[in-house]
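Engineer: Sequence:
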Amino acid sequence: MQSYTFPSITYDQIDPHRHYVIDVRSPSEYQEFHLPDSLNVPLFTDEERKQVGTIYKQESSEKAKKIGIDIYSKKLPEFYHKWMQLAEANPTKTAVVTCARGGMRSGSFVSMMLAMKLPVRQLEGGMRSVRKHVQAKLDHFASLNWKTIVLGGNTGTGKTKWLLELKERDYPVLDLEGLACHRGSVFGHIGLKQTSQKQFEFHLVEELEQLVDKRMMIIEAESKRIGRIIIPPFILENKQQGTFIEIQDRMERRVNHIMEDYQPFQYSEEIAEGVGKIKKRLPTKIVGSAEEALANQQYEELFELLLTHYYDPKYNHKNNEYVPSDKENILKLNKYEESQITTVIQEKIDQNL
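Residues 1 to 353 in UniProt numbering are what the sequence shown lists, from first letter to last.
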């Protein structure tokens, strides 16, 4: 069992009203996974971390430590000013310093901050302890019985939009695409920066904590992957067993939703790249028309072609297993104004709660 030389704190003990978190890992480590509102003050750059790691593996741990200390000592004046700035900005709070495992990197910061009489604690186990917490929480949530309502519908029917409006009305919505920062199609990354699997799971736990008392979630009919993100199996199982509500809408409004979501005039290169990725899977008869519409930036025409000849057939094939047994759970939105749709979906959900 690891012993802690420095004053330490566990992840569960962190209180944002009493603590602020300093993450000393390299920028790329921090970018992959970090605590919200934590401050990245990297002990090593990515290049320096790679250098120290290579020496550790290929030569010796002692030489790697020496190189690391040399790098650290040269940066001490810079770190000193940063520590003082943070302490002055958080006069009533204690710093919590974390690295990957709660080892030498965070320990070096804690040691110097203690010498400066600054209030500081080392996070026990570092970010690895946070990952263990997340994994334990996901296992717990997987063991519970969740009532699940699944909102499905063809591409462009506005499922995410309506879910977010329902969330504003305090319905137990779990926005998986929002957590993944990806809309789930070949164009789903456009205008977004997809999060990592670790960061996704961290925020997923935060969201499920808000829903756990009711044991209920309303989700979109997602596949097992959203971009690079893998959805936990228990959510997919709940989707399979949940109540499925399908929304249908007219083509004009679906195209408008896609225009709003993807902003093709702003992201024309990304749209062209996406079309290129699915070109071989398009029916031969529409390839020429799609390429012409793309070249002329006739995006409404392009999206209608893709919906009619690619996304709709793909959805219909995939969706056979989710077709509602109760035909009343198919919502035809054609006759409703845009401003009425959230309420219409809300009423249907209320009938199934």
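It is worth saying that the hints were derived from the structure and are not from the lab. Note that the coordinates shown come from a computational prediction; the quantities given were computed from them, not determined experimentally. Hints may contain errors.
Claimed, not checked - With a cut-off of at most 25 Å between alpha-carbon atoms, the simulated SDA-like pairs for lysine to any residue come out as follows:
#, residue 1, residue 2
1, Lys161, Val41
2, Lys65, Asp37
3, Lys348, Glu168
What the hints assert, rightly or not - Each pair of labels, with its calculated beta carbon distance range:
#, residue 1, residue 2, range
4, His17, Glu62, 38 to 46 Å
5, Glu62, Ser28, 20 to 28 Å
6, Lys66, Gln297, 46 to 54 Å
7, Asp12, Glu273, 23 to 31 Å
8, Phe265, Ile71, 40 to 48 Å
Heads up, the beta-carbon is just placed ideally off N, CA and C, and yes, glycines get one too.
Engineer: Looking back at the numbered hints, which does the structure fail to meet, lowest number first?
Structural biologist: 1, 2, 6, 7
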